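Line by line, the protein sequences give chains A and B.
Numbering follows our numbering, with no gaps: position 495 of the first sequence is 495.
Position in the second sequence (from 1) plus 1000 gives the number in our numbering.
Read the hints as simulated data drawn from the structure, not as lab findings.
Source: prediction; values computed, not measured.
It is possible that part of the hints are untrue.
To be verified - List of simulated lysine-lysine pairs, BS3-like, C-alpha gap at most 30 angstroms:
1) B:K1103 with A:K111
2) B:K1176 with B:K1238
3) B:K1031 with B:K1176
4) B:K1297 with B:K1238
5) B:K1103 with B:K1066
6) B:K1327 with A:K78
7) B:K1164 with B:K1130
8) B:K1290 with A:K580
9) A:K151 with B:K1185
10) B:K1157 with A:K111
11) B:K1327 with B:K1164
12) B:K1290 with A:K78
13) A:K151 with B:K1087
14) B:K1103 with B:K1087
15) B:K1185 with B:K1130
16) A:K529 with A:K490
17) A:K151 with B:K1103
18) A:K207 with B:K1066
19) A:K111 with A:K78
20) A:K151 with B:K1157
21) B:K1087 with B:K1066
22) A:K490 with A:K544
Stated by the list, open to error - Label pairs and their calculated CB-CB ranges:
23) B:A1118 with A:R180: 20 to 26 angstroms
24) B:D1080 with A:T146: 26 to 32 angstroms
25) A:E176 with B:Q1269: 41 to 47 angstroms
26) B:N1075 with A:H394: 54 to 60 angstroms
Where a beta carbon is used, it is the ideal one built from N, C-alpha and C, also for glycine.
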Amino acid sequence: MAELEEKPIQEIDDLEKSFVLADIGTTNTTVILIDTVDGSYRLVACASVPTTARLPWLDVMTSVQQGIGRISEITGRKLLNERGHLIRPPRKDGSGVDHFAMVVSAPSPLKTVLVGLYDEMSLASLRKALRTIYVQEVEVVSLADTRPEAKQITAVIQSRPDLITIAGGTDGGAEERLLRLVEVVVIAAMVLSNSQLPHVLYAGNLKLREQVRELLEENAHLHMANNIRPDLATEQLDDVMRLAEELYEDIKIQNLPGIHELSEWAGFPTLPTARAFAHICHYYAGQEQRVLGIDLGSNSTTLVMAQAGQVHLSVRTDLGMGEPMAHLLRHTAVDNIMRWLPDEMDEPDVANYLVNKSLHPQTIPLTEADLHLEQAAARAMLHCALQSTAVEWHWTSNGQAPHAPAFDRLLVHGAVFARAPRPGQVMLLLLDALQPTGIFSVGLDQYGVLPPLGVLAAHQPLVVVQTLAAGVLSELGWVIAPAGKGQPGKKVLDIVIESPTARFEGEIEFGKIEVFPIAPGQEAQVMVKPIGRFDIGFGPGQGKTLTLTGGLVGGLVIDARGRPLTLPRDPHDRCSLMRKWQWDLGG
Amino acid sequence: MEHYTRTTIIQPHMKIRRERVLPQSGEMIVKIGTEVSPGQIVARTPLQTVFAIVDAGQILDVSPEKVNALMEVENNAAVDEGTVLAKKKGLRARQVLSPVAGKLYDVINGRIFIQQTAEWVETPALVSGKVVSHVGDRGVVIETYGAFIQGIWGSRKENHGKLKIISRSNNGFLAKDQLTDDVNKHILAVGRLEHIEVLHLAQEMAVAGIIAGSMTADLCDAAYQLNYPIILTDGVGKQSMSPIIFNLLQQVEGRETSLFANYDASRGQRPEIIIPEPATPSSEAVQANKPLQIGQKVRLLRAPFVGQTGEVAEIFTLSQLLATGAKAPGANIRLADGQVVFTPFANVDVII
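One chain only, chain A, in its complex shape (with noise of 0.2 angstroms):
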């Protein structure tokens, strides 16, 4: 395995740098140019291409190099030298910049065995902590696995993983069951090390640390992490989570074609996509208190819930709008997507679609029956992402209907919502897919600015906040969504408008979708009041006054349709129901 050099982070000390960030994701890859502009940084301009990492490129650098080809064409700004380099610093005839810098995701997941003693214990936490990383699960092994260890064994090296992780048992609790699960492993290792040592790292208890080194040390790439239940009421995620973020940079981003090159022209440390979208999250989570971001990309689906002070991330590459598509109706039913059509379809016909769709994930809809079946078959990803990130992270309790905690700003990045021909569409699908209650505003990522600008945030806040606040996000509108069970037909609230233009008066009834006028842009007072048990956040029945911004959707949107969603058995209903959800937020 190659390794790089550790290079300085370059500190920046005047103002009116220039910065090319690249998004080199599975499918696509993004390249924006951010500027200074009247003394403060805007995003200048973006360009998005396929990615040439596979065959017959092999080769990362090439998409970059046309990406960063398109950008000059838009702003008519020299930034590659006549051999395809980026020309750095800036020359005084204008050409070049200051700063490059890459998020990556483009590389298949690290190949991950777990092996753990209890499956809602040691385990659950590994999967807890190993999710907010590029992971793939390829075999499992506990006490609770009914295989002789022989086959297990055997189960191990035939899926060549590229990381092995091992965790279990409390500090000081009982040994032996787990020193077996090590056994397998270190028989698993020796066979591996014939062709290359593999990667374990071991999270377990503690007074086992010795002895698993002295096993495993000969014949794998070790690596210790604190217990990730020292106790049985504590869970330590950081120390794995840092350890696989570490090896994925390592095994996967290291070995993707042609990212030498590139990191040369690094100035940043490269950071994998999920977590610099993290890191945007939680700088507006800063701002705005609670923050919901979801990614959902080619080959994985990312949710970030961030508060100050803490970030809950989840990454799922057996979900995505690529090839994980083919495998979608493993998680869920074909059922569960048709329902989101407006106009009826047969089963065949969407199971042939997702596969096809695996097999060309680059494609655009072009008819508004594909659009409408893409979009549905994202709000069953959705969904299935929500309901394991909600059971791991214990959002919702037993029997509840998993949904994610109340927030006040929803983050949205990926190309089924940035190539969405009219917002409303996006607003409804992801109230559809998440079904959250209370109020909150959505931030669509157009552009596919946030994961790139999040590789600057430690290292450059100015430049992420001034690019930020001059708005490079779509914002699509604020959300009411009240939660409570009524009757269709029967009022849910009473709402009144004002705005400096104009004042109005109305009210929603259950089972309703409606947006109330507010102008892009323009500030209204916006006084709510739920009637009798409905609850909008502040408790049943407790309404508020709040000003509000109106957005791209035509103004405040308010889903009194209930939660969870009921919509009728009859497909002829269902579809029409759905167009007519559809038409009134102008999708």
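Starting from the structure of chain A, add chain B where the hints point.
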């Protein structure tokens, strides 16, 4: 401005290089320069994944740390079934016998791990040609010349056989009554696959493999369980086989054909169909990593024109409005019927 799109190689004659690699390090059976046939083994490695475990501590009634001192066989030594692995002498003499033939792999915490005598994992050439290099100690590169078709989906198996065109048209589907005795050991080419029973019958008839334009998603799941490879050339659903591909297969009917339906999609590999022929002076490899050009032949990947072929008439760098209301950069494509349609670059598949 250059624009890169998806490409599919469909060539009647070209120079082809194919890696044939083992899952791990192993032994190269053939030397560089050797001419090989499809069934010839080119590399092999012992399957080292099967173990037997004996709890010597328990059998000898000693604590685990005492077992090493009682071992009669060293690590890495060959053992037979019944070989004495460890022995405790004295009044309560006991011994541990090997349950299998193999190699004594290690003793850990009083337990003896025996790696069972390995079966060989052998990699056949699967295509006739010449070995031109080794891939480290994991395999060989075989060079051949002939027709080459990249597929879209494959069922993760490999095989070879003589090619037999079953369908009269590129839209014909495989019917039960077409699976007669003469399909045995043949690679069949059909427009579409529609029925699971036909796939099972084909397995009973010992078909070597199937090339089809398409089949439905439920059949894809079933296909993984079959013992022969299936390669789809045009997609999943009910698409016909592209006329370009169907015509090419008709030209090479009767020739030895190799199906490589086991591929690594994470590297961008595709399933491949190779039909070797003698080299001609003009045989060259094909470069697939070139930007889109006016006049290139293309296939369209999404409705409403899915599967249709045409020619690039005009290239737009600036985004154009689509019927859905979205915008994307793309090209005007002149279809075979003369119609000119705008298609985003993302939905274009250049035929090389």
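Cβ distance range 26 to 32 angstroms for B:D1080 and A:T146, holds or violated
holds, 30 angstroms
For a C-alpha distance cap of 30 angstroms, please report whether A:K151 and B:K1087 respect it.
holds, 27 angstroms
Check the hint pairing B:K1290 with A:K580 against an upper bound of 30 angstroms on the C-alpha distance.
violated, 46 angstroms
Can you confirm whether the C-alpha distance between A:K151 and B:K1185 stays at or below 30 angstroms?
The given pair, whose Cα atoms are some 34 angstroms apart, is violated under the 30 angstroms limit.
Taking 30 angstroms as the top limit, are the C-alpha atoms of B:K1157 and A:K111 close enough?
holds, 22 angstroms
Within 54 to 60 angstroms: is that where the Cβ-Cβ distance between B:N1075 and A:H394 falls?
Given about 47 angstroms between the Cβ atoms, the range is violated.
Between the alpha carbons of A:K207 and B:K1066, is the straight-line distance 30 angstroms or under?
holds, 22 angstroms
Please work out if B:K1185 and B:K1130 have their alpha carbons no farther apart than 30 angstroms.
holds, 24 angstroms
Holds or violated: B:K1327 and A:K78, Cα atoms, limit 30 angstroms.
holds, 26 angstroms
Does the alpha-carbon distance linking B:K1103 and B:K1066 stay inside the 30 angstroms limit?
Given pair B:K1103, B:K1066 holds - Cα atoms ~21 angstroms apart, limit 30 angstroms.
Are B:K1164 and B:K1130 close enough, with their CA atoms no more than 30 angstroms apart?
OK: B:K1164 and B:K1130 at ~25 angstroms, within 30 angstroms.
Quick one, are B:K1297 and B:K1238 close enough, alpha carbons at most 30 angstroms?
Answer holds: B:K1297 to B:K1238 is near 23 angstroms, not above 30 angstroms.
Checked against the numbered hints listed earlier, the structure breaks hints 3, 8, 9, 11, 19, 26; every other hint is satisfied.
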